[in-house]
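**Student:** Letter by letter, the chains look like this.
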Amino acid sequence: MAKHIDLGAAGESLAARELSRLGYRLVDANVRMKMGELDIVAEEDGEMVVVEVRTRTIGRMLPPEATVGPSKIRKLVRTGRAYMDRIGWEGPWRIDIAAITVGPDGKPALEIFRDITVGIIEP
Amino acid sequence: MNVVNGVTLRGIEALKVEVEVEMTGGLFAISVVGLPDATVKEARERVRAALRSLGLSVRGRVAVNLAPADIPKEGALIDLPIAIGIAHAMGEVRVSRPTIFMGELALDGRVRRVRGAVPAALLARKLGFPLFIPEGNAREVSLVKGVTAWKVGHIRDLFAHLQGFSQLEPIAPGEEAEENPEPDPDLSDIKGQAAAKRALEIAAAGHHNVLMTGSPGSGKTLLARALKDILPPLSDEEMMEVLLVRSTVGLPLHSSRRRPFRAIHHTSSTISVCGGGTNLRPGEISLAHRGVLFLDEFTEFRRDLLESLRQPLEDGFISVSRASGSVTYPARVLLVAACNPCPCGFLGDPQEPCRCSPLAVERYRRKMSGPILDRIDLHVTVPRLTPDELVQFEGQVGENSADVRQRVLRAREVQWRRWGPLGFQCNAELPERALRRQVKIDAEGRRFLKDVAGRVRLSGRGISRVLKVARTIADLAGDEGLTTVHLAEALAFREGGDLPWNR
Chain A
1 MAKHIDLGAA
11 GESLAARELS
21 RLGYRLVDAN
31 VRMKMGELDI
41 VAEEDGEMVV
51 VEVRTRTIGR
61 MLPPEATVGP
71 SKIRKLVRTG
81 RAYMDRIGWE
91 GPWRIDIAAI
101 TVGPDGKPAL
111 EIFRDITVGI
121 IEP
Chain B
1 MNVVNGVTLR
11 GIEALKVEVE
21 VEMTGGLFAI
31 SVVGLPDATV
41 KEARERVRAA
51 LRSLGLSVRG
61 RVAVNLAPAD
71 IPKEGALIDL
81 PIAIGIAHAM
91 GEVRVSRPTI
101 FMGELALDGR
111 VRRVRGAVPA
121 ALLARKLGFP
131 LFIPEGNARE
141 VSLVKGVTAW
151 KVGHIRDLFA
161 HLQGFSQLEP
171 IAPGEEAEEN
181 PEPDPDLSDI
191 KGQAAAKRAL
201 EIAAAGHHNV
211 LMTGSPGSGK
221 TLLARALKDI
231 LPPLSDEEMM
241 EVLLVRSTVG
251 LPLHSSRRRP
261 FRAIHHTSST
271 ISVCGGGTNL
281 RPGEISLAHR
291 GVLFLDEFTE
301 FRRDLLESLR
311 QPLEDGFISV
321 SRASGSVTYP
331 ARVLLVAACN
341 PCPCGFLGDP
351 QEPCRCSPLA
361 VERYRRKMSG
371 PILDRIDLHV
381 TVPRLTPDEL
391 VQFEGQVGEN
401 SADVRQRVLR
411 AREVQWRRWG
421 PLGFQCNAEL
431 PERALRRQVK
441 IDAEGRRFLK
451 DVAGRVRLSG
461 RGISRVLKVA
471 RTIADLAGDE
481 GLTTVHLAEA
491 LAFREGGDLP
501 WNR
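Here the protein sequences line up with chains A and B, keeping their order.
Counting in my numbering, the first sequence runs from 1 upward without gaps.
Counting in my numbering, the second sequence runs from 1 upward without gaps.
Simulated from the structure, these hints should not be mistaken for lab results.
Where a beta carbon is used, it is the ideal one built from N, C-alpha and C, also for glycine.
Check the hints yourself; a few may be wrong.
[What the hints assert, rightly or not] Computed list of lysine to any residue pairs in SDA-like fashion (alpha-carbon distance at most 25 Å, straight line): (1) 75/A <-> 63/B; (2) 41/B <-> 118/A; (3) 16/B <-> 136/B; (4) 191/B <-> 59/B; (5) 107/A <-> 9/A; (6) 75/A <-> 59/B; (7) 75/A <-> 424/B; (8) 75/A <-> 126/B; (9) 72/A <-> 191/B; (10) 16/B <-> 113/B; (11) 41/B <-> 117/A; (12) 41/B <-> 18/A; (13) 107/A <-> 29/A; (14) 72/A <-> 31/B; (15) 3/A <-> 25/A; (16) 41/B <-> 74/A; (17) 75/A <-> 45/B; (18) 126/B <-> 61/B; (19) 3/A <-> 117/A; (20) 72/A <-> 424/B; (21) 72/A <-> 59/B; (22) 367/B <-> 302/B; (23) 440/B <-> 424/B; (24) 126/B <-> 255/B; (25) 75/A <-> 31/B.
[Stated by the list, open to error] Every beta carbon over 10 Å from chain B, so not counted as near; a handful from chain A, in silico: (26) 31; (27) 34; (28) 87.
Take the sequences, apply the hints, and build the full model.
**Tutor:** Structural data, given as structure tokens:
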């Protein structure tokens with residue numbers, strides 16, 4: 001497989017491990033829907049969380065979290081909504097970003113951005 | 001039943017706004033419906049941040065409805081009720097009975113001062129609801145008697161209060177109104193100008209509007225400012241009206257029975273004077289309600305501004321109509337206008353020669369004529385003082401304001417007794433019909449008036465104004481009927497009676 005696909009897959013499994021360590025209960029991973037894919041779906045404190053995992057090697061121009069732009073957010077909202085519909089979840093849900101940066105020594109660093117749609121006036 | 005209420009202002013009146021909150025699952029979003037303006041829409045960011053400062057995170061979809069749905073809601077004062085409504089829907093606080101909240105939220109949960117606290121307090125008193133207001137508004141609300149209110153400095157304290165952990169500080173009735181504020185300036189501080197002082201006394205007694213004509217530096221502004229302190233002190237009811245307007249505008253309040261004095265500049269816009277604007281606000285004429293409105297450089301005012309003052313001078317209120325609706329502000333003012341006698345200002349001055357051409361004087365004078373002059377009963381010339389008078393430091397000072405006010409008060413009581421049953425308060429309000437029927441003149445006075453009216457070409461309206469002023473002069477003297485003495489003095493204050501170009 002291509003190198004960047006491997007990196008992404010490694011990042012997603014790292015994120016899943018770290019998230020369950022932080023108290024998220026993993027529900028689903030790599031959910032394919034018609035309009036897109038959800039990397040990780042977890043539940044935390046009565047709230048469903050759609051986690052978008054982004055992994056990048058250091059030295060790139062942009063940090064990983066900056067690669068989620070408005071159109072990606074719209075896509076996540078649409079896909080998330082459809083997923084919640086499918087599983088019949090009627091409670092609150094949110095979108096987090098797990099940003100992983102792989103350093104020059106090959107060590108990954110994980111950062112979680114919670115509830116990224118807050119502050120966007122019209123989501 | 002819905003228990004969380006806010007207010008919105010309509011004119012100087014506060015209207016109750018019910019805040020309904022529904023929370024459902026889904027991605028976080030707050031939507032506010034019920035004709036919110038931009039400030040109200042932005043409330044959701046402040047509300048969420050403020051609730052977050054309490055460790056309360058809002059999740060899911062939040063729908064906020066502001067009822068009644070057809071009244072536009074404006075202002076940040078609705079932040080606090082929205083926050084409480086959300087917390088109530090989340091089960092964090094219990095509001096056990098209908099309550100009014102008002103206040104703007106800071107991101108860290110502090111509650112900021114808003115305008116319109118006095119109208120809100122009056123509403124709460126009428127409905128019998130308890131009221132929570134920002135700390136910064138405590139002083140003005142303390143002046144409203146009979147309202148149950150608490151002051152909120154931080155939303156944390158309000159939560160603790162509603163959860164029953166601690167008590168907020170209730171607002172105690174405020175200090176008593178300052179009964180007799182020191183006159184500023186006192187009439188006795190103004191040298192000379194006996195005629196002008198007399199005109200002010202008559203104006204105060206009968207609520208007649210005044211026009212003062214005089215050279216620059218003759219003391220017109222000072223005289224106008226002295227007028228507010230010879231008017232009777234504000235009654236409780238009048239004081240509340242004054243506070244209401246000031247609170248609606250958001251001006252600082254102080255409890256005093258002194259009448260308001262507002263001077264407006266001739267470059268003022270019509271909106272700033274009459275009220276209006278995109279967010280409807282009262283104008284200067286409403287801030288001068290129950291007091292004195294002073295127009296310096298009367299001739300320089302734009303025609304349309306003066307025209308728009310006509311209706312409020314007649315009716316005592318002003319209606320402002322906009323697409324968003326029509327509101328009424330109180331505007332019962334005593335108008336004092338001042339102008340120079342001619343463009344250079346020295347026409348009729350004993351020392352300084354006037355440098356204006358007759359044509360320029362004519363043109364200047366014509367600017368002044370117009371419908372607004374119909375509302376002005378008293379015309380008085382304010383001459384410049386001679387150097388001798390100016391440097392006189394001791395010796396004879398005139399009466400002080402307190403003594404004059406005593407006479408004014410007595411004259412007002414006489415008028416109140418006489419016109420009260422007919423529905424008027426003062427001589428200036430009398431309509432033509434009532435005037436002819438009710439004002440008694442003795443035979444000699446009648447002859448005198450006929451004679452003079454013929455000689456100086458008094459119009460019908462001119463005679464009415466002379467009669468009104470004469471009636472006030474008689475009331476000041478405590479006389480029952482009008483005699484030649486009263487009429488002669490009134491004639492001296494008629495339009496153009498004392499102007500240099502008519503001598």
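**Student:** Checking each numbered hint in turn, tell me which of them this model violates, lowest number first.
**Tutor:** Checked against the structure, the hints that fail are numbers 4, 7, 8, 9, 12, 15, 18, 19 and 20, while the rest are satisfied.
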